[in-house]
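Read off the chains here:
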Amino acid sequence: MEDDNSMSERILRSLETIVNNDPNLKEFVVVPAEANTKNKSPVLYEEHNIGLESWCVKHIYRYAYLELFEARKLLLKKKLPFNKERSLNHLLIGVLLINPDVSTFWNVKRELVERDVLSVNNELLFTKLVLSSKSKSNEAFAYRRWLLNRALAKLQKNDMRALQSLFDGEMSVCEMAAAKNANNYHAWTHRIWSFETIGHRMANFSVLILRELEFSQQWLSQHVSEHTGYHYRQYLLNAVRNSKKITCVFEYYYSKVVESLGLVNENDPKDILTLLLGKEKSCKPLEETNNLINSFSLLLFDLHNTVDMLNSIFPNHEALWYHRRYLLHHLIKTAYEYHGLSFKMNEKLDDVALHGTNIVNMENSGFSDGEKQPKLFKTQPNRVESSLFYQSLVKTESEFIKKNLTGALHLARRYEKWLQFVFCMKDV
Amino acid sequence: MMGLPHVLIFYTFVSARTTPEEGNNELSATVSNLARRWWRSKKHSKGSNKETNSLMAVDTMKQQLTKVLSDDEALINKKLPKELLLRIFSYIDVVSLCRCAQVSKAWNILALDGSNWQRIDLFDFQKDVEGPIIENISRRCGGFLRQLSLRGCQSIADGSMKTLAQLCPNVEDLNLNGCKKLTDASCTAFSKHCSKLQKLNLDSCSAITDNSLKALSDGCPNLTHINISWCSNITENGVEALARGCRKLKSFISKGCKQITSRAVICLARFCDQLEVVNLLGCSNIRDEAVQALAEKCPKLHYLCLSGCSALTDAALIALAQKCPLLSTLEVAGCSLFTDAAFQALARSCRYLEKMDLDECVLITDNTLIHLAMGCPRIEYLTLSHCELITDEGIRHLSTSPCAAENLTVLELDNCPLVTDASLEHLTSCHNLQRVELYDCQLITRLGIRRLRNHLPNIKVHAYFAPVTPPPSAGGSRQRYCRCCVIL
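Quick mapping for you: the protein sequence lines, in order, are chains P and R. Under this note's numbering, the first residue of the first sequence is numbered 1, with each subsequent residue one higher. Under this note's numbering, the first residue of the second sequence is numbered 1001, with each subsequent residue one higher.
Since the hints were derived computationally from the structure, they do not count as laboratory data. Among the hints, a few may not be true.
[What the hints assert, rightly or not] Some chain R residues judged to face chain P by a derived CB distance under 8 Å, without partners named:
1. Gln1126
2. Gln1154
3. Gly1178
4. Tyr1439
5. Gln1442
6. Ile1444
7. Ala1463
8. Ala1466
We treat Cβ as the ideally placed atom computed from N, Cα and C, and that holds for glycine.
All chains should be built: construct the whole structure from the sequences, respecting the hints.
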């Protein structure tokens, strides 16, 4: 048994040396190898990638696990000698690379970071390596956030370059993790978190958000059926709407929308709102108007360019339809806000309106295809519903549904029902 | 059981700030309170047999204690004169002494008498030791203190060292390994007050500079052992000053001091001809002339570590071979320029070699092993890691030599790609062999290792082979059957 331990120790040490000396590590993988026929190190290291042959995994994991729990007892009592504190990292590296879902070990790491035994930068690199093998590890993301909070607290206020490099690092890690595993909500949540915590401290916020919008569009065109990507885009759209920091009009999106609506590029971007939605009642401050224009043109851009285009290339993807629901909902909501009216969907269904699952239940709840709308919903058309924009929206939606009846009958029908009953859009 | 002694040693010395006569009541009150609280908290934790036993022991101890405390003149104190008690205390370890100090006023004075505290090692309490403790210890011990080890006590700073130097002028052996806060001020204080200092360990005190060594050379002429490993600020100037002042130096250890040059070592050799132990690990600026001077001037050298001094060539080793016949340990890991010729010379004259580390001496071949086998019958520990030219033939010669049969205990052959199972076959004749390293020797097979184990059942063979019996799974290692089922 003792021989076994010295082998594990040696393997763990060689892993540690590689992790400590190579800042450009890309990936860690456990390479399947049932038995070792040769007396050869199971640690494979090539072109900044680490591999570990699987036969040794159970041995080193067992060894490191037992050692760590022994050391942890002392660590908690603050009785662990200084030199022992320093020789825990190789155990932690081994254990966490094999199984990153043990919070205890991450907590040991946290304690060592707090005692300045481990450096934040090295730990950020290490978690990246962990995420390259287990990209859905929430523990690793949580530890990363903890590290970032520490790093941010130490950062000088005007150190924009360090902030930028932190931000870029997070974005690349999230992209890597999201690409490794489909529907990796942990990665996207982390992206949102980083965007909010780091991004909001940066000076060039509007540049940042434009870059992210572009990135997310790129991502969507490659991952059509992953709802996570749409979720992030929806977050970004909301961020644009709610941000107080964006003051200029996004030229690119604005001109695209003008083009797709078949209009001539007006001198004043404000005119597009007047044209589409009618005259507004009270004059709003410039930032507010710009904000409205931005979010309106983004939503329309998504509706016409992103969703329509993607749907024509990749028909029959449910996630796309849900994104369309989101867009429509927010378009109308923005229109109501423009007129200063309060926007309410069918109140009873308000909470569930955007979630597809409940629409299925609708079919059993008394509404059927041909049935007329209940009288409850019949009201006088208000300023939004009488606007040019609303009319054209109704037209495009019904066209869209018709177009898809052949390819994606089921989804199209569902969407139609949603528009009619939940969204109260008549004449679709 | 670890908690109480720590608390005691801490409070004994912290509250000893007041003089024993007036402060004793207060002292024993705090300590007994503390002890009581400690026991109470222990009581609430899971009770096991051991603990209840010790609890009972404590109850009886408490009874005795109250008895002793109530009688001013307890029987034991009447029967035993103070001198004898003191003599008994002088054999007791630190923790027990602190316990005894809690017994009564009389015992407190006796137990904390400086004469019992001549040799102190606080390594086990490194996390608890802080400045005031050292100051109180030095006040208690005064001139009695001879030996103090503060290895790993990182919170110690210059202030407490100054007090120590002033109050304990007779200290001879001081181990400050890893006290990172210490600076030159401490060493200046030692040089001013502690002229009897013989051994000083400043390993990893990274703030130490040349000024410390200059001060030591002025004030501590009796210095025989010095360790300045990993003090990366130290340069040749400091070492030169030290060598001029402390001519009785026997041991000089400076691992990882990259600024030490050949000139420093030449100075050391010229002034300190008593040197026996020299460790220059990682001093990569050392050249041949330094080792030649060392060999020339210090014939008593028996331990020499030159690992990582990669600029050294055969000339250095040949000089050693000619002038230092007493050499018993030679570590030259990473000196990749050494060839067979040097080791041939060495093996011919240094017959007392016991430990050799030849890690990454990539040029050596079987010839070196042949000469070592013939010339050095005492070899116990031999490292040949990364010596890629070593073959089975060399191992065969080694295993037929006189050293193999009796002395050889550890042989490291990892990353020697040419070594095969045949080598293991030869090694079966080394009866004393306890450990063989074979990592990454890819021609070695499981079968060969098993055969070796059959001949030498107690040997540890380290290789990248998983043990045959699978280990029990880590963590939730619950027994699958209850004990009675196993017995049945």
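Each hint tested on the structure:
no. : hint    : verdict
1   : Gln1126 : holds (6 Å)
2   : Gln1154 : holds (6 Å)
3   : Gly1178 : holds (7 Å)
4   : Tyr1439 : holds (6 Å)
5   : Gln1442 : holds (5 Å)
6   : Ile1444 : holds (5 Å)
7   : Ala1463 : holds (5 Å)
8   : Ala1466 : holds (6 Å)
Against the hints set out earlier in the document, no violation occurs for any number.
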